[in-house]
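Novice: Protein chains in written order, with the working numbering: chain A, 863 to 1209; chain B, 4 to 507; chain C, 8 to 319.
Hints listed in this document are in silico derivations from the structure and should not be mistaken for laboratory results. You may find that some hints are simply not true.
Derived list of chain B stretches under chain A, where covered just means 3 residues or more per stretch with a C-beta under 8 Å from a C-beta of chain A [as the list claims (entries may be wrong)]:
(1) 344 to 353
(2) 364 to 377
Taking beta-carbon pairs under 7 Å as the criterion, some of the chain A residues facing chain B (in silico) [what the hints assert, rightly or not]:
(3) Y917
(4) S921
(5) K1076
(6) T1077
(7) Y1081
(8) V1085
(9) G1088
(10) N1089
(11) E1091
(12) A1092
(13) S1096
(14) G1097
Model, not experiment: these values are computed from the prediction. Even for Gly, the Cβ is constructed at its ideal location relative to N, Cα and C.
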Amino acid sequence: MKKQIDELILALPSWVFLPIAIILSLIIFGVILVVNDKNPILVYHEIIITGFGSYRGLSETLTTSIPLILAGVGLSIAYKANLWNIGAEGQLYMGAIGAGIIAYEFSPTPVSLIGMFIFGFLFGGVWGLIPALLKRYYEVNEIITTLMMNYIAIHIMDYLVFGRWRDPTTFGFPFTPLLPDNMIIPRLLPGSRLHATVIIAIFASIAIYLLMYKTTEGYEIRVYGGNPEAARYSGINITKVLLLSMFLSGALAGIAGVGEFAGIHRRLTTGFSKGYGYTAILIAWLGSLNPIYVMVAAILFSGFVVGLDALQISIGLPFASIYLFEGILLIAILIREYAERVKARYV
Amino acid sequence: MNDNIIIRANGIRVEYPNVVANDNVDFELLHGEIHGLLGENGAGKTTLVNVIYGIKRPDSGELYIFGDKITSFSPKVAQRYGLYMIPQHSILVERHTVLENIALALPGFKLNKKALRAKVMRLINRLRLELDLDSKVMDLSVGEKQRVEAIRALVRGAKVLIMDEPTSVLSPMETYSLFSFIRNLKKEGLSVIFITHRLREVMELCDRVTVLRKGRNMGTLTREEMTIDKLTELMFSRKIMIRRYNNRSMQGKVILSLKNVSTFSNGGYIGLKDISLDIRVGEIVGIVGVAGNGQNELAQVAVGLIKPHSGRIIIDGDDLTGKSIFEFYKKGLAYIPDNILDGLVLDMTLTENAILKLYRTSGFSMNHIVDWETAKRYTSEIVKNLEIKTPSIDVKIKSLSGGNLQRFILSRELSNNPKIIIAVHPSRGLDLESTAKVLGYLAKMKSHSGILLITEDLDEAIKICDKIMIIYKGKLSKPMNIDNLDYELAGKMMSGAVSIEEAN
Amino acid sequence: MFEDIALFLEVSLSAGSVLLLAALGEIVAERSGILNLGVEGMMSTGALAAFYISLMTQNPYLGIIVGGLSGLLLSLAHAFTSVTLKANQILSGLGLAILGIGLSGFFGKPVIGMIAPSLDIIAIPLLSDIPFVGVILFRQDILTYFSLISALVLGYIIYYTKLGLVLRTVGENPEAADYMGINVDLVRYIAIMIGGLFAGLAGAQLSLVHLPTWIENMTAGRGWIALALVIFSLWNPMLAPFASTFFGALSILPYYLQIFGFRVGTGLLATIPYLGTVLSMTLISMSRFRKYLGAPAALARPYIRGEKELYK
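Required output: the full structure, derived from the provided sequences and hints.
Specialist: Here is the structure:
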């Protein structure tokens, strides 16, 4: 059995495994839908129509994709350097907190919004930098530190939202005050929540693509991630690679946080990210760690999210369906890794 | 058949794609003897014991253990007869205690530490060892780990121990205590196959010795027959015709010089002891020695990867001591590392690998932007220069065969008109034809570079070098001119029969 | 005052025992060299399954069993990808976490807010009358007792039996284990399944003891804290109860402090377990005892015979 599968893998070209994984996930998810008395064909049809088939749907898809593009592209840098940053969620929160400092601790100025982006960028970046420093100087495993720092960031947010920054007029609800107009990211299209951060997201994807594939710094990151010994052989400054890739990774998630804060919610609340930092991990791998593909993956996946979201109301599909599908997909794309391994072994 | 014969191998032949590792080898192990297996690296010693231990099935030949003809080759079969191999690199679990490691080897689900402890203690006392059964393996020295492996084998009922170059990782003191341990094992009635490339160890320890050279059994000597001269003669191929690469070039200025360089020995690193050498443009200097005597460390110091704790490294008149490897590269240094995989990123394309060292230099990048067009042109050149077989320069380099990877590195390092070339085993793993190509290529390069060639093969060094220096335990001999080389002396120095100090 | 402290510790122990169960399971998995980040997912699924069965059968003990088994079943997905496919354990574990949360949210929607029979507190006669200690230790529910006994039993197995030796060997040096004839893949499968079983039980405790109802996302990050707890207890099951009680105490401390009139920022206190984990990991890495205290050497590294060099 295993032998036959391995032979089949050898016979197939490398690019087919991602589509296979996606189709497999859709089938498994479809079976679960059937068990739950839903017609999967109908559901998938609805998703495509709602997510991509209308002005409203498409603009909502793009809106949803903003944090996923930013955080996903950021993660792809870290993963290319073979650094297991799973702290995008916390870095996103810290970005929002950084922006909150400008919004709530300083008096408003005409350039406050720009300040919010800069602070968000820096706070997210530093939140990514800390695990990188611990790894570089004390060899602390970054998987657990980035994960723990998610919770630290979320709880700092709780503290601020329940305490220092709480809006006194909300009768005890954990909200910060709504941002004044000049601190709100402008919206781009009428009747849609699509905000200007989408431009930053697209720009970031292209910029990071160029950084990774056209510059010496990106080359160094990729060499280190591919073989640290070769990086040493080549005389690459390893400290620089570690710090740069983790800073950028966190900083982009930080920008995503600013976008959600000043573009969507316009205030801070507890749990204001719907796990975007975790979904971004899936997005980064769906996009094969190539920033351009990551952007495409984020948009497609967002369409799916928007479609499923609408079905929640129309046919009573639970909100958790999206997690269910996400989990299946994340496990299914590991097929690709196995296929690569099989191929490498026989080459 | 003699009852005393435990193992008898007749006409063992093992062939690998590029080399005959064992060519019609006969071997006999007698009960209660310490039998040395002597030969240079690549002489076929490990292959022979791999056959005996069942790891490798021979292409032809017969193997008898305790009179039984072996038909199925597997370590499990060997172990059933009481044969155990002590591997060169310990496979003990570092964070377990000694006792736990021994317990692990016993069958069954019960763990009776008390009974096991008593049993092991009796054994340890009989062998006059000092070993704390409750210490973690990671706190033990290399020598102690070897003894734990041996005791583990004894607890499992070993009758024959095969030790694969155990002394290559030991200090002289540890070697001394290993020898008394082996003698005690012999008193317990065990037979030992002891692999080494050091003459002196054979003279000191072994009851009999079988010398291998280039896969052939050169003869088995008893203790009475052993002399240093006789063993040297058997071990090293003397008076064979060596075709030399005879392109003398004018010797120019000193391009690389190491002055009284020493390094600390720590971890796996061998310390270098007060090493000095000069390399001139137009010459190839060979550093010859058996593996693990510090030649890799010497190479890494010479390219700036290891910083010496004393001494200076001067390239083309500039003192580069303590500078990063990149500064060395900028001075026109090419480096072919011991493990070529250290110089490659397998998941990147040929082009990306081609510029691994050059990407920061002008022409390949400007203002941090890599010029991929130039890189591609350069890669095509590299591929053409040494006829590397690849469908395209845009495929991942891991799709290349081993020989092509080797040629790729070589071509990459030599393509940019280097002034100094440091090549560690550039022909390792290549077949005769490829080796000849590589050596020819190096010989051509010397017209405008100084070359440091590190090799384990004295013959290879003689073919191509202008002078050679022998390295032994981190010490370097004086340079010896190839034209009036005392071959025998060189061999003796490599095996430690004559010390570097004596020769200097 | 004395009684207050006893009460506080009793509640801490009980609050921590959810974490303890999950952490014990993860310790077993990690000791075999498998990192399973999916604890949160297996707990979620276990919580729902246990609650659902308890609701349907009105028998919470049947709920416990099914809850545990559901965690075990889900863990098989991780076993398949990380052991059979030798795939990346981090991605697979994250997938499992998200999948489990999704599964419970998806199938749990109809039972949100219902009340199932819960587990009783079982006071052990005589022992529970011991002042102080009796209150803390012997007036708990069955799963808390089970978690404490498991900590001792697993500790004994891991450190004093051949089985434990085999498990540790697989996690430290799978090559050596293979050389000794141990079936590395089988050991890892079993270890992952034990991890799943315990995570499922932890979920059951959550839905049947603390809040005898089921709401979406009720694990609320406890599965992730359990991962921190594993490090905090230095992969030693016998240290885990202390660590879990400490974490449990921290989680209820804000409420107690409020009762006594202290005003502490809600969020900041809650960061202590996570900060503590990061700090202790750093201290372990800095200390010269690092080599004794660190993670199993082969943690998160797939074992492929003869390919150690290629996939390091």
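Novice: Flag every earlier hint the structure violates by its number, smallest first.
Specialist: Of the numbered hints given earlier, those the structure breaks are 3, 4, listed in rising order.
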